[in-house]
Amino acid sequence: MQSFALTVLHEDRLLPAEPGTRRIARRLYESTRALPIVSPHGHCDPAGLAHDVPFADPAVELVTRDHYLLRMLYSQGVPLESLGAQPRDGGPAEPDGRQIWRTFAAHCGLFRGTPSKLWLDHTLTQVLGVDAPVRPETADDVYDQMCARLAEEAFRPRALFDRFGVEFLATTDGALSTLESHAVLHRSGWPGRVVPTFRPDDVVDPERPGFRSNLTALGELTRADTSTWKGYLDAIRERRASFVAAGATASDHGHPSALTADLSTREAEELFARVVHGTPNANEAELFRGLMLVQLAAMSLDDGLVLQLHAGAWRNHNPALAARFGPDMGADIPKRADYVGALKPLLDRFGNDARLTVVVYTLDETTYSRELAPLAGHYPALRLGPPWWFFDSPEGIRRFYRHVVETAGFANTVGFNDDARSLLTIPARHDVARRINAGYLAELVAEHRMDEEDAEAIAADLAHHLAARAFRATP
Amino acid sequence: MQSFALTVLHEDRLLPAEPGTRRIARRLYESTRALPIVSPHGHCDPAGLAHDVPFADPAVELVTRDHYLLRMLYSQGVPLESLGAQPRDGGPAEPDGRQIWRTFAAHCGLFRGTPSKLWLDHTLTQVLGVDAPVRPETADDVYDQMCARLAEEAFRPRALFDRFGVEFLATTDGALSTLESHAVLHRSGWPGRVVPTFRPDDVVDPERPGFRSNLTALGELTRADTSTWKGYLDAIRERRASFVAAGATASDHGHPSALTADLSTREAEELFARVVHGTPNANEAELFRGLMLVQLAAMSLDDGLVLQLHAGAWRNHNPALAARFGPDMGADIPKRADYVGALKPLLDRFGNDARLTVVVYTLDETTYSRELAPLAGHYPALRLGPPWWFFDSPEGIRRFYRHVVETAGFANTVGFNDDARSLLTIPARHDVARRINAGYLAELVAEHRMDEEDAEAIAADLAHHLAARAFRATP
Amino acid sequence: MQSFALTVLHEDRLLPAEPGTRRIARRLYESTRALPIVSPHGHCDPAGLAHDVPFADPAVELVTRDHYLLRMLYSQGVPLESLGAQPRDGGPAEPDGRQIWRTFAAHCGLFRGTPSKLWLDHTLTQVLGVDAPVRPETADDVYDQMCARLAEEAFRPRALFDRFGVEFLATTDGALSTLESHAVLHRSGWPGRVVPTFRPDDVVDPERPGFRSNLTALGELTRADTSTWKGYLDAIRERRASFVAAGATASDHGHPSALTADLSTREAEELFARVVHGTPNANEAELFRGLMLVQLAAMSLDDGLVLQLHAGAWRNHNPALAARFGPDMGADIPKRADYVGALKPLLDRFGNDARLTVVVYTLDETTYSRELAPLAGHYPALRLGPPWWFFDSPEGIRRFYRHVVETAGFANTVGFNDDARSLLTIPARHDVARRINAGYLAELVAEHRMDEEDAEAIAADLAHHLAARAFRATP
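Residue numbers (the numbering used here), protein chains in the order written: chain R, 434 to 908; chain S, 434 to 908; chain Y, 434 to 908.
Be aware that a few hints might be false.
Any copy, or any two copies together, can satisfy a pair, since identical chains are not distinguished.
What the hints assert, rightly or not - Once the Cα atoms are required to be at most 16 Å apart in a straight line, the calculated EDC-like pairs of lysine to aspartate or glutamate come out as:
1. K663 / E702
2. K663 / E700
3. K663 / E703
4. K777 / D695
Rather than coming from a laboratory, the hints here were simulated on the basis of the structure. Please read these numbers as outputs of a predicted model, since none were measured by experiment.
Just need the whole structure built from these sequences, with the hints factored in.
Quick look at the structure:
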């Protein structure tokens with residue numbers, strides 16, 4: 434197995450081609466290889482770890498749940514149903530994992546040159562020990578090997594968590610979550626550190642489906658009167674406290690834009706009333722989200738949660754697809770973003786307060802050098818999140834460093850997020866990032882812009898320490 | 434001659450400098466060198482091939498008609514008249530090709546580091562066999578050699594077409610074109626595949642000079658009543674049918690923005706009436722162009738034409754120059770573009786239909802990774818056109834791949850367009866692109882992000898197969 | 434000393450890592466090393482040279498006055514007061530240079546990977562001959578060495594000016610400046626060429642604090658009636674004449690945007706009245722700045738001053754910091770820019786006039802390839818300024834060339850600006866730029882996109898001749 438894995442995954446993969454630079458990069462990469470994984474932002478299901486049940490079908494785990502794969506296959510005419518996506522109207526979808534995997538394998542050439550291929554090759558060979566490349570003609574063989582492996586004890590979630598060296602894993606949990614799985618995990622006495630992240634979009638964004646019934650549910654859960662501005666804020670504070678009690682160190686907010694708004698209590702009450710009891714227009718909904726970011730930052734100053742802002746996606750750009758399959762099918766599209774104006778109300782109020790940490794992520798790379806690095810290189814409360822989504826890729830990570838470091842330095846960044854949807858794929862993503870980091874730093878060393886001792890320290894910062902510090906991963 | 438050409442044009446030009454990567458790139462380039470040329474988008478005059486007459490003066494062909502050269506020379510104070518550009522008021526312009534060439538040669542240093550120099554050096558040495566570099570002191574010698582060559586039988590258009598290995602050449606033809614040259618070509622029995630492209634901007638864009646008289650002419654040509662919305666659409670359908678009959682496989686649309694609009698028939702009729710019979714404002718003109726893109730996409734579903742959208746140029750930014758010389762003098766300037774919102778009406782209606790192919794080109798590189806790759810990597814009907822205009826260059830093509838491939842893959846791109854204005858320059862442009870492609874792929878191989886077998890397959894896709902498939906170049 | 438400097442500053446620093454390319458780059462760099470320095474844009478205080486007094490405390494000179502250092506330190510929680518910044522309310526600030534330097538040294542790791550570190554290492558080792566690296570534990574030693582050096586005769590401003598090989602140095606001077614230091618310099622008979630630059634923002638931008646009293650002062654200085662549009666323009670012309678008499682070759686304008694406006698005299702008079710005697714809103718202030726750019730361009734046609742436009746900074750983005758410390762504390766943030774529309778009124782009027790030189794600088798890199806290179810590659814009056822501010826850095830300069838040269842060529846750029854705030858740092862900035870230039874050109878040579886002879890000529894253009902020519906530095 435190992436010998437084959439080496440031909441699929443070269444030991445120097447993703448390191449710079451120039452031999453002298455590669456030698457430096459290899460040393461830097463090796464120096465980070467054994468560092469534990471801090472995963473402060475992702476979408477693994479905590480239930481898997483709570484109950485330590487075997488993974489379900491590998492094709493469902495690795496294909497059906499991966500929006501990167503779904504979108505690319507769909508763009509070339511592969512029906513989502515054939516990949517196991519279930520239409521909302523109960524129409525037929527492929528139920529057989531083996532057949533889903535065959536369909537994927539038949540089109541795997543589409544992923545040449547993409548990070549999806551890098552991640553999958555790593556997951557198959559290094560995590561699952563598959564000793565065949567993914568090709569149409571090997572589909573059944575690979576599928577059988579994956580199934581066999583996932584049936585073994587050593588491939589249960591907790592065993593993998595340990596094997597991967599995960600030191601800290603944050604899941605993403607809605608404001609209405611009972612955090613049941615986290616409670617089970619805690620009660621189990623298992624020492625793995627798995628914590629929730631407070632993601633209140635469902636009760637903060639008036640344009641989310643079910644917003645008003647979510648507020649009702651929030652009131653029931655917290656015994657607060659969420660029909661008033663004050664009661665609503667109390668309910669959110671109450672929920673944050675529950676998350677903090679369950680170990681949370683951060684909140685996360687996925688907003689269409691980075692708009693923030695600092696309104697007077699009277700203005701806030703009026704806007705809340707329009708949003709909750711009236712028929713808010715798009716501008717009012719946007720303003721309400723902006724108002725809430727400032728409110729949430731104020732709460733962070735009290736309870737210490739790091740505030741993550743993921744802005745700039747046009748969710749469900751394809752209405753026909755959303756109607757048929759629901760969200761998260763690969764049809765979210767980035768759009769042009771502004772941060773310099775949008776964040777100003779929040780920064781005017783809290784930007785100089787070093788006790789607060791706001792981590793900003795972008796889908797608009799033009800803001801790296803123009804807006805985000807200058808802002809993060811000045812405001813004590815602001816940190817720059819790692820490349821996100823389409824940019825969590827070799828070229829994307831390189832562009833990030835080249836555009837950001839000269840202006841913001843390394844210390845105003847927060848290391849890596851894997852944003853993984855499956856525990857199985859976490860090591861692959863960290864490995865790609867650590868390799869690209871090593872290559873970038875090696876270029877600085879090879880050009881005598883940094884000495885290797887400094888580069889090694891920064892490689893460790895990027896691989897582990899910055900994330901651990903920013904997200905308070907060390908208890 | 435050959436030995437000199439090698440000193441002007443190094444055999445490894447444009448390949449990566451790192452020796453290991455260069456060796457891979459050289460192999461990949463060599464593997465594509467003999468592939469035929471598919472040229473699905475350009476501006477060659479079909480009359481030249483129809484009548485197979487010798488090229489006119491080489492300075493007029495290579496300098497006066499090249500807006501890249503005109504603009505750069507003008508920016509440094511060289512009068513356009515001295516380059517043969519004819520003022521509209523009949524004022525004097527240099528009539529002598531030799532003198533035009535001398536003026537160009539005197540300033541040829543301006544083009545160091547630009548693609549114009551790469552293209553011209555290739556055309557002169559490889560196509561015309563000139564055995565002297567372009568310098569002020571060699572101007573007459575080079576001019577004499579070019580003239581001598583173009584007088585030979587072997588340098589007539591059809592002979593060059595064959596020598597260049599052109600498999601498919603699409604010209605660009607207005608909606609009012611009689612396609613006379615294409616008819617002559619067809620009747621001649623010459624086997625070269627030269628087809629028109631339907632470019633109806635003159636009858637679709639209300640802001641084009643002569644728009645209303647163009648509609649009148651369109652009515653006369655098609656015997657349709659172009660004063661009504663229905664008759665106007667019928668006339669366009671009729672013209673498309675003529676283009677299809679003449680071999681067309683695509684339409685092309687040069688719009689100020691990518692705006693699309695899906696209006697009801699009543700709304701469309703009202704807008705048409707305002708645009709054709711009233712005095713439309715800029716917003717109405719813009720909306721009408723957007724409406725027409727959706728209508729044209731609907732027609733494409735019927736007749737199979739690939740819809741190309743070239744958006745984002747501010748045409749004739751320099752009004753004094755436009756008044757003096759007319760359009761296409763190098764004074765068109767790109768502007769900021771939006772696709773995510775602009776294309777949504779069209780995509781909402783047809784984006785999920787894999788029978789349609791919409792190819793989008795941009796002049797705003799910021800949209801590559803933020804908008805176009807995500808869109809093309811999701812919608813079955815959307816493909817991403819190659820780097821266009823200022824970006825059809827070594828650095829431009831590299832940036833395109835680095836920003837696009839990780840998100841859209843290769844399969845959602847459509848290979849190369851030369852956009853050439855002279856048949857003489859076609860091989861140069863494909864050669865530059867194939868070399869840069871090889872270098873990009875070689876970097877992926879050298880970094881073990883792709884194996885060389887896959888890279889060779891993709892090199893052939895990029896050089897030939899993707900364009901042939903997307904533009905239905907194989908009859 | 435020299436041997437140590439070599440370990441801090443490798444002789445091949447900033448040159449490409451690939452050995453063949455590095456050899457070319459080294460030759461190109463060496464060919465420019467001895468060229469004199471033309472510094473057409475910066476913020477050195479002319480009083481230092483006028484009176485040739487020793488530099489004050491090195492920590493104040495190199496840290497307290499450097500907004501790059503202040504901002505980064507502040508972003509990581511270091512109080513500006515501890516770096517010597519004086520609160521406006523008279524509150525305490527660290528008065529001791531040694532202590533300021535210790536604070537800086539304690540945090541110097543923040544600057545790894547930034548141009549600040551490159552500049553400082555060069556200044557310390559090459560200019561001041563310090564033979565220890567900057568580290569927390571060497572703080573006192575380095576501080577003592579710097580102080581000792583600055584006390585020597587050979588480190589007085591004029592001696593350094595000569596040693597640095599400065600051929601031309603332009604300072605930046607407000608419209609109300611008496612140019613006293615320049616007069617002293619001139620009278621002294623010292624042959625160094627130090628000239629003022631006319632920077633009239635204080636009397637052109639209605640949103641500047643003190644705008645109206647500045648106009649009063651302007652009237653007093655010029656004996657013109659600055660309460661009328663005509664008198665105001667006369668006063669500005671008068672001041673320009675004084676600057677020209679003092680050797681100025683350029684004006685400089687720092688505007689929030691690049692908007693220009695060409696109004697009729699009546700419209701201009703009305704706008705002037707609203708701006709000076711009424712309460713202009715933000716749009717009117719913006720329009721007035723745009724109006725003035727066109728007026729100033731018209732004046733440039735008369736008096737020959739090169740017009741520099743620095744656009745796109747949101748000044749004093751952090752109001753709490755501005756209130757406490759005033760401007761220039763590192764809290765100016767770039768914002769999205771437009772040039773294609775904004776410059777059109779100015780270009781419509783003067784863009785075709787090669788006697789005018791307008792140099793445009795941007796903080797929005799997305800405009801390089803989309804807007805500025807296309808504009809500069811067409812309009813005879815337009816030139817593209819070098820990378821500015823956050824982009825005057827190794828990665829920033831590389832991106833500039835890669836995005837600009839293919840479209841605008843080299844001849845439409847104007848070489849390097851150091852934008853230095855201290856004479857001590859001028860050589861460092863030119864050295865970094867010359868090295869990066871050499872590396873970029875070496876890549877073109879190594880890829881056979883340019884021959885080395887041409888590259889050497891362009892290296893000299895970029896290092897010296899383009900700036901000398903554009904800014905009329907040769908008397």
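Results for each hint:
1. K663 / E702: within (8 Å within a copy, 52 Å between copies)
2. K663 / E700: within (13 Å within a copy, 47 Å between copies)
3. K663 / E703: within (12 Å within a copy, 50 Å between copies)
4. K777 / D695: within (9 Å within a copy, 33 Å between copies)
Checked against the numbered hints given earlier, this structure breaks none of them.
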